[in-house]
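Enquirer: Let's have the full structure, built from the sequences with the hints guiding it.
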Amino acid sequence: HIADVSHFVPAGSPLDRGAAERAFSLYVPSRVAPMLPPELSNDLCSLRPREDRLCVTVEVPFDANLELGAPAFYRSVSRSRARLTYGQAERILRGDEATEPELDEGLRLAETVALELRRRRFARGALRVTTREVAFDFDEDGGVERAWLESEPHAHMLVEELMILANEAVGGLLAGRRREALYRVHERPDPQAVLHLLAKLAALEVPTPPAPERERLTPGPAATLAAETSERVSAYVEQSGRGSEAFPALVLRALKQARYDGRNLGHSGLASPAYAHFTSPIRRYPDLVVHRALLRELGVADEPLPEDLGGVAEHASAQERRF
3 HIADVSHFVP AGSPLDRGAA ERAFSLYVPS RVAPMLPPEL SNDLCSLRPR EDRLCVTVEV
63 PFDANLELGA PAFYRSVSRS RARLTYGQAE RILRGDEATE PELDEGLRLA ETVALELRRR
123 RFARGALRVT TREVAFDFDE DGGVERAWLE SEPHAHMLVE ELMILANEAV GGLLAGRRRE
183 ALYRVHERPD PQAVLHLLAK LAALEVPTPP APERERLTPG PAATLAAETS ERVSAYVEQS
243 GRGSEAFPAL VLRALKQARY DGRNLGHSGL ASPAYAHFTS PIRRYPDLVV HRALLRELGV
303 ADEPLPEDLG GVAEHASAQE RRF
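Just so we're aligned: the sequence shown equals residues 3 to 325 in this note's numbering.
What the hints contain is simulated information worked out from the structure, not anything from laboratory work. Mixed in with the good hints, there may be bad ones.
Computed cross-link-like contacts, SDA-like style, restricted to lysine to any residue with a CA-CA straight-line distance of at most 25 Å [unchecked claim]:
1. K258 with P214
2. K202 with E240
3. K202 with S282
4. K258 with A205
5. K258 with V131
6. K258 with E163
7. K202 with R234
8. K258 with G174
9. K202 with R121
10. K258 with P209
11. K258 with R216
12. K202 with T226
13. K258 with S236
14. K258 with T210
15. K202 with A237
16. K202 with R190
17. K202 with A260
18. K258 with S282
19. K258 with R121
Simulated restraints on C-beta separations [unchecked claim]:
20. P211 with R244: 14 to 24 Å
21. D143 with A213: 19 to 29 Å
22. E152 with R50: 21 to 31 Å
23. P211 with Q259: 22 to 32 Å
24. R265 with T59: 19 to 29 Å
25. R216 with T59: 42 to 52 Å
26. D141 with D54: 38 to 48 Å
27. E152 with L28: 13 to 23 Å
28. E152 with V79: 28 to 38 Å
29. S82 with S15: 22 to 32 Å
30. E118 with Q241: 18 to 28 Å
31. E135 with G312: 25 to 35 Å
No residue lacks a Cβ here, since even glycine has one placed at the ideal position from N, Cα and C.
Expert: Listed below in structure tokens is the structure:
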């Protein structure tokens, strides 16, 4: 259930034009410069527990074998039961914090689904690149008191997989019907860049897949080779303790940058044939455009999309790299 930001931000309004120019909320440690005013980002479009909130819902059924059924898309009113931090969710899943039975059951079911979705994603050839983020503590004057590298919380993975599922469902619907939207695209890597990556890793004594003949490697097999390389690098880093920061960075530099485009070009990194950012319209302008495209397709709204979708995609991609 994603906040229905398009209900509050009419297309072409001054509010919308300002959001399009900023393109994203800007986050720095302990601070945020929001894309949209706090009245929206912190209140009306914030999914607060035990309060009704307007949403756009993507509902994907699973059977007992966790096989996916046909997704449904609709406007909704959401009233959540609780709002958890990642730390709380981690403690509940570990059994270190008690909570009401329904909430515990829901979290564990979501974990089961997310783990299976992740397994299938890597099995189909998605990249596995494990990185750590820098976390900060601040003193009373706002200065950095300490900094440390933090691995991805298990609960973060749970949310990420469900968001990827929703984004793929929306992207698949719009692309399947050849509708205009802003797609999140990640093109296949350049074959020569992948071969250069293999040579670098081999020189660093990192196990790599066998390299094919230079003239025989095309973009499709190069993407498969990059995914296999990412798997081997992740396994080697975990086993040896070497290069936890450097080796995944080498893999990322060999790939093309993900970006926005008015055309569906697929997402190589996720091994997804169609992908659109849908889950964060309060902090990413492309998601707001995707909401409008989806609601137009469902026949429940008729707000126009930007005339120059290519220009919006290019500006958003540039703003993302700048931030």
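Enquirer: Compare the structure with each hint and give your call.
Expert: Hint check results:
| no. | hint | in the structure |
| --- | --- | --- |
| 1 | K258 with P214 | holds, 20 Å |
| 2 | K202 with E240 | holds, 19 Å |
| 3 | K202 with S282 | violated, 37 Å |
| 4 | K258 with A205 | holds, 23 Å |
| 5 | K258 with V131 | holds, 14 Å |
| 6 | K258 with E163 | holds, 22 Å |
| 7 | K202 with R234 | holds, 14 Å |
| 8 | K258 with G174 | holds, 22 Å |
| 9 | K202 with R121 | violated, 28 Å |
| 10 | K258 with P209 | holds, 23 Å |
| 11 | K258 with R216 | holds, 19 Å |
| 12 | K202 with T226 | holds, 18 Å |
| 13 | K258 with S236 | holds, 19 Å |
| 14 | K258 with T210 | holds, 20 Å |
| 15 | K202 with A237 | holds, 17 Å |
| 16 | K202 with R190 | holds, 20 Å |
| 17 | K202 with A260 | holds, 23 Å |
| 18 | K258 with S282 | holds, 23 Å |
| 19 | K258 with R121 | holds, 24 Å |
| 20 | P211 with R244: 14 to 24 Å | holds, 19 Å |
| 21 | D143 with A213: 19 to 29 Å | violated, 53 Å |
| 22 | E152 with R50: 21 to 31 Å | holds, 27 Å |
| 23 | P211 with Q259: 22 to 32 Å | holds, 23 Å |
| 24 | R265 with T59: 19 to 29 Å | holds, 27 Å |
| 25 | R216 with T59: 42 to 52 Å | holds, 49 Å |
| 26 | D141 with D54: 38 to 48 Å | holds, 40 Å |
| 27 | E152 with L28: 13 to 23 Å | holds, 21 Å |
| 28 | E152 with V79: 28 to 38 Å | holds, 36 Å |
| 29 | S82 with S15: 22 to 32 Å | holds, 28 Å |
| 30 | E118 with Q241: 18 to 28 Å | holds, 25 Å |
| 31 | E135 with G312: 25 to 35 Å | holds, 32 Å |
Of the numbered hints stated above, those contradicted by the structure are hints 3, 9 and 21, listed in ascending order.
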